[in-house]
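Following the hints, position chain A against chain L.
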Amino acid sequence: MNPQLPNTLQQQCFYNPNDHMFANHSALVKPDPGMDEYWAGLHAGAFSDDQLGYGYMNPNPVAQPVETDQALFVQGNSSSVSASVSPKKRKGQSLQVVSDKEKKIKGCSEGDSRITHDQNSNSKEASNNTSSKDKSKVSEVQKPDYIHVRARRGQATDSHSLAERVRREKISERMKYLQDLVPGCNKITGKAGMLDEIINYVQSLQKQVEFLSMKLATVNPELDFNIDNVFAKEIFQCSTSEFPALGCSSTNSAYFQLNSMDQGGISYCGLDMGINAAEMGLRRSISAPISIPDQTFMDSSCYNQMQPSGVWDGDIQNLYRMEFELETLIPFQSHQFTGSNEGINMKTET
Amino acid sequence: MHTSSKLTKEFTKKWVKGLQICCSSKKDMDVLERKKKIKLCADIALASAKNATTSWSIALISEAKKNDENEILVDNLLGPESRFKQQKIIRQMNSCHKRVRSKKILKKSCSISQRMKKMGPPKSNLAAYIAKRLVKKRTQVLQRLVPGGESMDEFSLIKEALDYILSLRVQVDVMRNLANATEVLNQSNSSNVFD
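Residue numbers (UniProt numbering), protein chains in the order written: chain L, 1 to 350; chain A, 1 to 195.
In isolation and in its complexed conformation, chain L is listed as follows (with noise of 0.2 Å):
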């Protein structure tokens, strides 16, 4: 009835950009890119879920806050993950009750409309609720130590809860995050139930850790294996970036050849000069046949497949005491393994 309800019923609170909050506590805790993007990629999915509609009539388009929160989503390195606010109560109440409580939220606002968080500085969240016909709107506010919240229809609007309810949203939609990284929450939903999940998750990964550093270190009598073992790897990556003619990349599942264009920074690539003939022409022959599973980008029987070469990473330079010996193996080990190549695949792809 009256259009200007929407707007006088909202406090005047806002949430704050996590970029400013981020300035004031230094370079204490940068926003990881890697993690960002996945959060994003969940969010963006997660967000329109929450769009719920009401009964009440909002002047302002739902639409519209939607892009703005979108639109943060694009920047590249803003760390922003909005909170999706899923409202807890929803109290239909009458048109008159909501005038009432307009006056009443009207009388609280200019008392109770800062909110100082130290402690959530170092969230990664922007200034985002959703939009709903009552729900909070945001926009952003330049204040670095303030954050900002508007009150949502029905609820206590004291600085207090205020700030229970930002704390206790940021923390459910972790939670959500959670629940698509460890296996088998989807069920769980009370935090009490998420957060043993996590736990047990947490410590049987630790404990997997512990295990295969023990068994590393049966299998390795002096650990000069495993430098064999990655420098089959090295060499892997660097014969398909290298070689991508040998018809290597036909058998590549787009993935690898993600992963070896991802190789810019990293100087694998530098093969030594001194490859022989040879070494090349065995490379060529083993590479030809590898197919390489999705899942990693090591294979067992890429291992077996790959020989030490003489060829040797640039960064690595203490490794070259071991060429020597290594280099005696070789001519030993490549007159086998043409021969036997076929085999072993038979025997690592069981």
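Just to be clear, a hint being listed does not mean it is correct.
When the alpha-carbon atoms are kept at most 25 Å apart in a straight line, the in silico PhoX-like pairs for lysine-lysine are as follows [as the list claims (entries may be wrong)]:
#1 LYS176(L) with LYS132(A)
#2 LYS191(L) with LYS108(A)
#3 LYS136(A) with LYS191(L)
#4 LYS35(A) with LYS191(L)
#5 LYS187(L) with LYS137(A)
#6 LYS207(L) with LYS107(A)
#7 LYS187(L) with LYS132(A)
#8 LYS65(A) with LYS108(A)
#9 LYS36(A) with LYS65(A)
#10 LYS108(A) with LYS176(L)
#11 LYS66(A) with LYS207(L)
#12 LYS207(L) with LYS137(A)
#13 LYS191(L) with LYS137(A)
#14 LYS191(L) with LYS107(A)
#15 LYS191(L) with LYS132(A)
#16 LYS66(A) with LYS187(L)
#17 LYS132(A) with LYS108(A)
#18 LYS104(A) with LYS215(L)
#19 LYS108(A) with LYS66(A)
#20 LYS215(L) with LYS36(A)
#21 LYS35(A) with LYS215(L)
#22 LYS207(L) with LYS35(A)
#23 LYS207(L) with LYS65(A)
#24 LYS39(A) with LYS207(L)
#25 LYS137(A) with LYS176(L)
#26 LYS207(L) with LYS132(A)
#27 LYS215(L) with LYS39(A)
#28 LYS207(L) with LYS136(A)
#29 LYS191(L) with LYS103(A)
Treat the hints as calculated values from the structure; they're not laboratory data.
Here is chain A on its own, set in the frame of chain L:
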């Protein structure tokens, strides 16, 4: 996942480097020592692959540095130019610890005084009270698990746990692949010997 492939490469590179440094220093090690070295290298490599963007990695590295004999390893892995950055960050983290700790003390004293005032009806809200207790206990456990977690509030703890889980996954994948590869290589070598 594409976003983790970068991390995987970084981690692998650094881990191998660390292992080389390790095995170049000592020749004879028994299994347990080797395992410890491997795990240590892996942890430090993982943390440094993050390049000081997350506080759990900083905490991990600072813990490793406390042990003197690891210091050389850590410094070599991190690289000379990042050393100053690390020190600066560690200093900042220490100050942050103090801030968080003092805030926690303040909070506790406030909440205790509030609780004394409103002794109200604790039984009516028993379920909520129990739920809160459970959540609190679990966050404590999580704090102990995630490196550097004691000095974080709940929200950043969850964020750090998220990142930590991703990195742990990467670590496990790389280690598992290497272990499998080494095993297969050993098998093939031994079979070749017998041929």
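Checked hints:
no. : hint                     : in the structure
1   : LYS176(L) with LYS132(A) : holds (19 Å)
2   : LYS191(L) with LYS108(A) : holds (22 Å)
3   : LYS136(A) with LYS191(L) : holds (10 Å)
4   : LYS35(A) with LYS191(L)  : violated (36 Å)
5   : LYS187(L) with LYS137(A) : holds (22 Å)
6   : LYS207(L) with LYS107(A) : violated (35 Å)
7   : LYS187(L) with LYS132(A) : holds (20 Å)
8   : LYS65(A) with LYS108(A)  : violated (32 Å)
9   : LYS36(A) with LYS65(A)   : holds (15 Å)
10  : LYS108(A) with LYS176(L) : violated (29 Å)
11  : LYS66(A) with LYS207(L)  : holds (23 Å)
12  : LYS207(L) with LYS137(A) : holds (22 Å)
13  : LYS191(L) with LYS137(A) : holds (12 Å)
14  : LYS191(L) with LYS107(A) : holds (22 Å)
15  : LYS191(L) with LYS132(A) : holds (9 Å)
16  : LYS66(A) with LYS187(L)  : violated (42 Å)
17  : LYS132(A) with LYS108(A) : holds (15 Å)
18  : LYS104(A) with LYS215(L) : violated (42 Å)
19  : LYS108(A) with LYS66(A)  : violated (31 Å)
20  : LYS215(L) with LYS36(A)  : holds (11 Å)
21  : LYS35(A) with LYS215(L)  : holds (8 Å)
22  : LYS207(L) with LYS35(A)  : holds (13 Å)
23  : LYS207(L) with LYS65(A)  : holds (23 Å)
24  : LYS39(A) with LYS207(L)  : holds (11 Å)
25  : LYS137(A) with LYS176(L) : holds (20 Å)
26  : LYS207(L) with LYS132(A) : violated (29 Å)
27  : LYS215(L) with LYS39(A)  : holds (11 Å)
28  : LYS207(L) with LYS136(A) : holds (24 Å)
29  : LYS191(L) with LYS103(A) : holds (24 Å)
Hints 4, 6, 8, 10, 16, 18, 19 and 26, counting from the list given before, are not met by this structure.
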